[in-house]
Each structure stands twice: as structure tokens, then as C-alpha cells.
Amino acid sequence: MITTDRAEFRVALPDGGRLIGLDVGTKTIGTALCDAGWSFASPALLIRRTKFQKDKVALAQMIAAQLVKGIVIGLPLNLTDGSESPRSQSSRAFARNMADLGLPIFLQDERWSTVAVTRTLIEQDASRAKRAELVDKMAAAYILQGAIDALVAV
Numbered sequence: 001m002i003t004t005d006r007a008e009f010r011v012a013l014p015d016g017g018r019l020i021g022l023d024v025g026t027k028t029i030g031t032a033l034c035d036a037g038w039s040f041a042s043p044a045l046l047i048r049r050t051k052f053q054k055d056k057v058a059l060a061q062m063i064a065a066q067l068v069k070g071i072v073i074g075l076p077l078n079l080t081d082g083s084e085s086p087r088s089q090s091s092r093a094f095a096r097n098m099a100d101l102g103l104p105i106f107l108q109d110e111r112w113s114t115v116a117v118t119r120t121l122i123e124q125d126a127s128r129a130k131r132a133e134l135v136d137k138m139a140a141a142y143i144l145q146g147a148i149d150a151l152v153a154v
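51 is the number that this note's numbering gives to position 51 of the sequence shown; each next residue is one higher, with no gaps.
Please keep in mind that the hints were generated in silico from the structure rather than gathered at the bench.
Do not rely on the hints blindly, as some may be mistaken.
[Unchecked claim] In silico lysine to aspartate or glutamate, EDC-like type, Cα no more than 16 angstroms apart, as pairs:
no.	residue 1	residue 2
1	Lys56	Asp100
2	Lys69	Glu8
3	Lys27	Glu8
4	Lys69	Asp100
5	Lys69	Asp15
6	Lys54	Asp100
7	Lys69	Asp35
[Unchecked claim] Simulated DEER-style distance windows between Cβ atoms:
no.	residue 1	residue 2	range
8	Asp81	Asp5	14 to 22 angstroms
9	Val57	Gly17	31 to 39 angstroms
10	Asp15	Met62	14 to 22 angstroms
11	Lys56	Ala36	31 to 39 angstroms
12	Arg48	Val11	30 to 38 angstroms
13	Thr80	Val57	31 to 39 angstroms
Idealized CB from N, CA, C, for every residue including glycine.
All chains should be built: construct the whole structure from the sequences, respecting the hints.
Encoded structure:
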């Protein structure tokens, strides 16, 4: 199941469980994990993209090791009007290719994730190199936190 409907995703996970958040970029995949009670999201690994099958194996290993029950993937919508963009279609394709893992997948609006995380890192006076290293996995945590906050409210 792939959905943008948080109520539908919530029904697919009646007992909660750990979730993985993904910020899928062209060069990297930022990952984040949350606790089984959906209280907080934390940045996890940064996966450097290679071929999709290798990326999928790395994600599947992480999902199995962390006992993940559902996947949240950032859906990059247009900032101005919330419409879909070419990057949205890429994220949807990524989700379709992950669907055979058998876990419910929720596509979470991620319009402001990178901007918010970058602003926070700049405020903390992180160097440009440090920001480049952290931004994608912190964006994944931002996306996942937004999703779990919305899911708890359902």
C-alpha cells in the first residue's frame, strides 16, 4: 500500500511500530527512525546512491535490523501551490519500487524540510561541509517527525 492519506496509513499499522523516514535525493538517501510509540524521530544513516537495487538492499537490511513496520517517504511538492513536480514523480516511482518489501508506505509532504534543516544548521554555525553531511538525514528526521505528529493526531 502506498498512500498520501494519513488515516489509511494509520489503519495499516494498528499496533504502531517503528517507522523509517526517507529523504530521497538524486545523490543520497537520508534516513531517520522513530520509536515504536511514534514519539520522536532521529536522523540515522546517509546512503550514497548507486544503482537502485543496491540502494534497496541497504534499505531492506536497515529495515530488517531495526524491525521497521512502515515507511515514510518525503514527497517534494511545489513550494508555491503544492502541486506535483518532476521530483514528486521520482519519489512516487521510488515508493512503487519499494512496495515489494511488503510494508505500508506513506508519502509525506516535504516542501520545507531541507529549508528548515539548513536554516537550523546555519543558526548553529555549522560549516558548509558539515551541513552537506547532515542535511539529508536531518531532513529525513524532519519529514518523519511531521508524519508521526500527524499520525498520532488521527
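Against the structure, the hints:
no.	hint	verdict
1	Lys56 with Asp100	holds, 11 angstroms
2	Lys69 with Glu8	holds, 15 angstroms
3	Lys27 with Glu8	violated, 31 angstroms
4	Lys69 with Asp100	holds, 14 angstroms
5	Lys69 with Asp15	holds, 10 angstroms
6	Lys54 with Asp100	holds, 15 angstroms
7	Lys69 with Asp35	holds, 11 angstroms
8	Asp81 with Asp5: 14 to 22 angstroms	holds, 20 angstroms
9	Val57 with Gly17: 31 to 39 angstroms	violated, 22 angstroms
10	Asp15 with Met62: 14 to 22 angstroms	holds, 21 angstroms
11	Lys56 with Ala36: 31 to 39 angstroms	violated, 24 angstroms
12	Arg48 with Val11: 30 to 38 angstroms	holds, 35 angstroms
13	Thr80 with Val57: 31 to 39 angstroms	holds, 37 angstroms
The structure fails to meet hints 3, 9 and 11 from the earlier list, while all remaining hints are met.
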